[in-house]
Amino acid sequence: MASSQKSPATAAGPNVEEAARGSGGPRRLAERWRTLPMLPRHLIAACAAMIAVIALTSITDPGANLRLASIGFYMLAIAGLGILIGFSGQVSLGHGAFMFIGAYSTALFVIHMPMLPLWLNLALAVVISCLAGLIIGVVCARLHGPYLAGATLALAVAMPALANRFSDFLGGPNGLSFVMRGTPPALSDMVSNTQWQAWVVWLTVLIVLVFLANLSHGRLGRQMRAVRDDETAAALSGIRVARVKVTAFVVSAGCGGLAGALQAYLLKTATPSTFAVALSLSLLAVLVLGGLGSLWGALWGAIAMVYVEEWGDSLAHALTLDTNVANNLPHVLYGVLLIALVLTWPSGVQGILRQLGNALRSRGHSGNGTTSVPSTQQGK
Amino acid sequence: MDYFTNLTLNGVAEGAIYAALALSLIIIYQATRVVNFAQPALALIAAYIALTVTTASGSYWLGFAAALVSGLLMGSVTERLLIRPVQKTSQLSAIIITLGLLLLLQGVAGMIWSNEPHSFSYPMDFEGRFSPADIFGVAAVLGTAMLLFALYRWTPLGLRMRAAAAHPEMARMLGVRVGLMLTLGWGIATVVGALAGMLAAPPFVYPNVLDSVFVYGLAAAVIGGLDNPFGSLLGGFILGISLSFVSGYLGPELMPLAALIILILVLSVRPDGLFTRPKARKV
Amino acid sequence: MSENALFRVEDLVASYGAVKALNGVSLSVAEGSICAVLGANGAGKTTLLRTVSGLKRADSGRIWLGDTDLTRCAPERLARLGVAHVPEGAGIIVELTVEENLRLGGLWRSDRAATLSSTYDLFPILRERRNQPASNLSGGERQMLAIGRALMCRPRILLLDEPSLGLAPMATRQLMDLIRQLCADTGLTVLLVEQNANSALSIADEGVVLNLGTIAVSDTADRLLSDDQMRHAYLGF
Numbered sequence: 001m002a003s004s005q006k007s008p009a010t011a012a013g014p015n016v017e018e019a020a021r022g023s024g025g026p027r028r029l030a031e032r033w034r035t036l037p038m039l040p041r042h043l044i045a046a047c048a049a050m051i052a053v054i055a056l057t058s059i060t061d062p063g064a065n066l067r068l069a070s071i072g073f074y075m076l077a078i079a080g081l082g083i084l085i086g087f088s089g090q091v092s093l094g095h096g097a098f099m100f101i102g103a104y105s106t107a108l109f110v111i112h113m114p115m116l117p118l119w120l121n122l123a124l125a126v127v128i129s130c131l132a133g134l135i136i137g138v139v140c141a142r143l144h145g146p147y148l149a150g151a152t153l154a155l156a157v158a159m160p161a162l163a164n165r166f167s168d169f170l171g172g173p174n175g176l177s178f179v180m181r182g183t184p185p186a187l188s189d190m191v192s193n194t195q196w197q198a199w200v201v202w203l204t205v206l207i208v209l210v211f212l213a214n215l216s217h218g219r220l221g222r223q224m225r226a227v228r229d230d231e232t233a234a235a236l237s238g239i240r241v242a243r244v245k246v247t248a249f250v251v252s253a254g255c256g257g258l259a260g261a262l263q264a265y266l267l268k269t270a271t272p273s274t275f276a277v278a279l280s281l282s283l284l285a286v287l288v289l290g291g292l293g294s295l296w297g298a299l300w301g302a303i304a305m306v307y308v309e310e311w312g313d314s315l316a317h318a319l320t321l322d323t324n325v326a327n328n329l330p331h332v333l334y335g336v337l338l339i340a341l342v343l344t345w346p347s348g349v350q351g352i353l354r355q356l357g358n359a360l361r362s363r364g365h366s367g368n369g370t371t372s373v374p375s376t377q378q379g380k
Numbered sequence: 001m002d003y004f005t006n007l008t009l010n011g012v013a014e015g016a017i018y019a020a021l022a023l024s025l026i027i028i029y030q031a032t033r034v035v036n037f038a039q040p041a042l043a044l045i046a047a048y049i050a051l052t053v054t055t056a057s058g059s060y061w062l063g064f065a066a067a068l069v070s071g072l073l074m075g076s077v078t079e080r081l082l083i084r085p086v087q088k089t090s091q092l093s094a095i096i097i098t099l100g101l102l103l104l105l106q107g108v109a110g111m112i113w114s115n116e117p118h119s120f121s122y123p124m125d126f127e128g129r130f131s132p133a134d135i136f137g138v139a140a141v142l143g144t145a146m147l148l149f150a151l152y153r154w155t156p157l158g159l160r161m162r163a164a165a166a167h168p169e170m171a172r173m174l175g176v177r178v179g180l181m182l183t184l185g186w187g188i189a190t191v192v193g194a195l196a197g198m199l200a201a202p203p204f205v206y207p208n209v210l211d212s213v214f215v216y217g218l219a220a221a222v223i224g225g226l227d228n229p230f231g232s233l234l235g236g237f238i239l240g241i242s243l244s245f246v247s248g249y250l251g252p253e254l255m256p257l258a259a260l261i262i263l264i265l266v267l268s269v270r271p272d273g274l275f276t277r278p279k280a281r282k283v
Numbered sequence: 001m002s003e004n005a006l007f008r009v010e011d012l013v014a015s016y017g018a019v020k021a022l023n024g025v026s027l028s029v030a031e032g033s034i035c036a037v038l039g040a041n042g043a044g045k046t047t048l049l050r051t052v053s054g055l056k057r058a059d060s061g062r063i064w065l066g067d068t069d070l071t072r073c074a075p076e077r078l079a080r081l082g083v084a085h086v087p088e089g090a091g092i093i094v095e096l097t098v099e100e101n102l103r104l105g106g107l108w109r110s111d112r113a114a115t116l117s118s119t120y121d122l123f124p125i126l127r128e129r130r131n132q133p134a135s136n137l138s139g140g141e142r143q144m145l146a147i148g149r150a151l152m153c154r155p156r157i158l159l160l161d162e163p164s165l166g167l168a169p170m171a172t173r174q175l176m177d178l179i180r181q182l183c184a185d186t187g188l189t190v191l192l193v194e195q196n197a198n199s200a201l202s203i204a205d206e207g208v209v210l211n212l213g214t215i216a217v218s219d220t221a222d223r224l225l226s227d228d229q230m231r232h233a234y235l236g237f
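Protein chains in written order, with the working numbering: chain R, 1 to 380; chain E, 1 to 283; chain V, 1 to 237.
Any given hint could turn out to be false.
List of simulated lysine-lysine pairs, DSS-like, C-alpha gap at most 27 Å [claimed, not checked]:
no.	chain 1	residue 1	chain 2	residue 2
1	E	88	V	20
2	E	88	V	56
3	V	56	V	20
What follows is a list of derived Cβ distance ranges for each label pair [as the list claims (entries may be wrong)]:
no.	chain 1	residue 1	chain 2	residue 2	range
4	V	31	E	62	56 to 66 Å
5	E	62	R	336	31 to 41 Å
6	E	90	R	240	41 to 51 Å
Far from chain R, some chain E residues (derived; all Cβ distances over 10 Å) [what the hints assert, rightly or not]:
no.	residue
7	59
8	65
9	112
10	263
11	267
By construction, these hints were calculated from the structure, which means they are not laboratory data.
Yeah, the Cβ is synthetic: ideal placement off N, Cα and C, and Gly gets one too.
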């Protein structure tokens, strides 16, 4: 993400007049940035993020590259879930099911149609998971709250069970493993396999994120928020509620599917246990942890998804705990973190950062007496 | 035919467990409009406490009682400490809190009792078709349901609890201590959850033992309709018997898929469950 | 009148954020009398009742019922101290039956069975429909149920918030007569908040007019009814 340009802490004053008076270079640059149309702004941010990823992978070891790539696909999955929950207000507990569909589609394509190029493979995985999202969305559009939660939870449980049932085709509990091409031969001297993988993952993720950012700021995003806040009012003002809800489901399923496909590409396997209910619940949990309603929140969530477990493991090792305690420390840590954050800061990590940014900014402004309007949704 | 009868009776026994879990979810949902995802973890801890007490004292029933009492305590404490603070914020907050508690308690269970399965005894003889243990399970669940019905319908306490759930502000003005009623609701619900845990755990207990039972319990609650405790009982038995047939005739791996299909079929016809009366929107 | 007043509010201040909804309101109601609180939308009428019944915190000021200080008392305790509140829209719990609603009004009292039957004598229509869900009742019947429920705790003071809201003129008339009758028969004290000033003043002994959180006028009901200037200024008729 374009942290170099748009982190809340560095984005300068939102006050238009002030910037027009031309008080200093960085501020004017920030102002120019703000007035750019949405698409180029998001594209520039994405390019900057891609450069950051390439720069990061050049100094890290293969393990870290893999983790970086994992952050990428988890971020995509979480962002998709965020569209569904944060924008259209449908709480799904079955997001992992779409990752399952994406991962298994990719695996099956690689195994049965090895000549397909990677991009086509990923695109097909997206199409299939969007179709699945369409079906589930149509069925679930009339459901509310716990009914939707129950149905999607059942979905999350049923999908991995499919793999066990049709073990000839889907590989049973061991799943499917396959071989994929790594770095193109021309680059193999300079670029390691894991670096290349991280790049591919992040490039795909950023393209979709640009799409999501535009979508959530555009007409459909507004309609979704209207539906989330009051379905009846939205319907009365001419929004086709069912269609908007289903669209949200399709978009979110597409993101989940692509995330699953990227995970399969990265790990070169697809196993049912990866997509157990715990995955769906964790995705929901880290989404709230990161902060709903902003793609930045998805980034913090993805980082938590990848690192909390690892920190738990290394903490357990460092403390040389009893194995029972050590094995379960990450879960406990996760649970405590979630509860503590919701109790103390329900807007998540992004909420904390935004507040910090606003505090810093209003301190900078306190001299000239302008009130700083808290800019919402920084950095889409 | 014999096989069919066997499957039906097995389904009834399993269904009783789903019904109990569904009931515990519904009591909480009606009181505080929260789906308690921590229910399997609370029931799990209760089952482990029963195991510890039974091992120490040698009496299954002492352990059973300990499980129910600990359920009452854990449920009350959860409501008071974790749910009350977020009750007025978004529903998602409460969901996330219960998810966090699920992770926390399952982890704690693993820390204390290890992730390895411990053998967990049945209340009674469990051999054969519709064994005493099965009969005990069904009778316990139905008996509990009837007790709860009597409590809610015919006692002043039950009236207070219903009023507190339906219209908290008005209930307060009529002298009802709403906070206490909600805490009590969570306590009672968790006792029922602990009962389900005691019935579902045998023959082995391990941290994830109740996960699938919980999914089916939630499915049963949703099938029956969350506004109707009897619906959830029926939903539990319907789901239990259907899944038993699926498992017996088509294979146990298909149970989760069958549950999904049943759920989707029911909800696409009745989005608020089978036994919910259509209700005008509250303005 | 303030020496023998049963219910007194002294210099009450309550606010929503920076907005003061009540800004130093004082009033008193003599035992067995009806005091009408009038005023336009947003004058602070409902806030006054909500503050009295503990649903809203007072910033400062005191509320007395006889010698008991009610200020910052929790709502669930107030009912036991003899304050019954019928909120705007009656506050019927539609999930319960008519009789359950009534019983809820005085669950802690040992004489509740007797009170229940005397409430039914007062409202025969409620006895007829005792086992029906309260959601079946009409607007006027809901007000009766709410008042009946409030009487179940044998209150010393009854707070009524806009009982005529949404009722037909006939039903309003009957309701007002009923309130008057109750006071005459049982010595009940009533604080009646109304927008419908004519109806309210027709049965009240005293009246106060709230305007933007302060008492604009306070006088006997008869004099308020005949004061054209005041009516034009605050009540708009």
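Tested hints:
{"no.": "1", "hint": "E:88 with V:20", "in the structure": "holds, 24 Å"}
{"no.": "2", "hint": "E:88 with V:56", "in the structure": "holds, 16 Å"}
{"no.": "3", "hint": "V:56 with V:20", "in the structure": "holds, 13 Å"}
{"no.": "4", "hint": "V:31 with E:62: 56 to 66 Å", "in the structure": "holds, 60 Å"}
{"no.": "5", "hint": "E:62 with R:336: 31 to 41 Å", "in the structure": "holds, 32 Å"}
{"no.": "6", "hint": "E:90 with R:240: 41 to 51 Å", "in the structure": "violated, 25 Å"}
{"no.": "7", "hint": "59", "in the structure": "holds, 27 Å"}
{"no.": "8", "hint": "65", "in the structure": "holds, 27 Å"}
{"no.": "9", "hint": "112", "in the structure": "violated, 8 Å"}
{"no.": "10", "hint": "263", "in the structure": "violated, 5 Å"}
{"no.": "11", "hint": "267", "in the structure": "violated, 6 Å"}
Hint compliance for this structure: hints 6, 9, 10, 11 are not met, and every other hint is.
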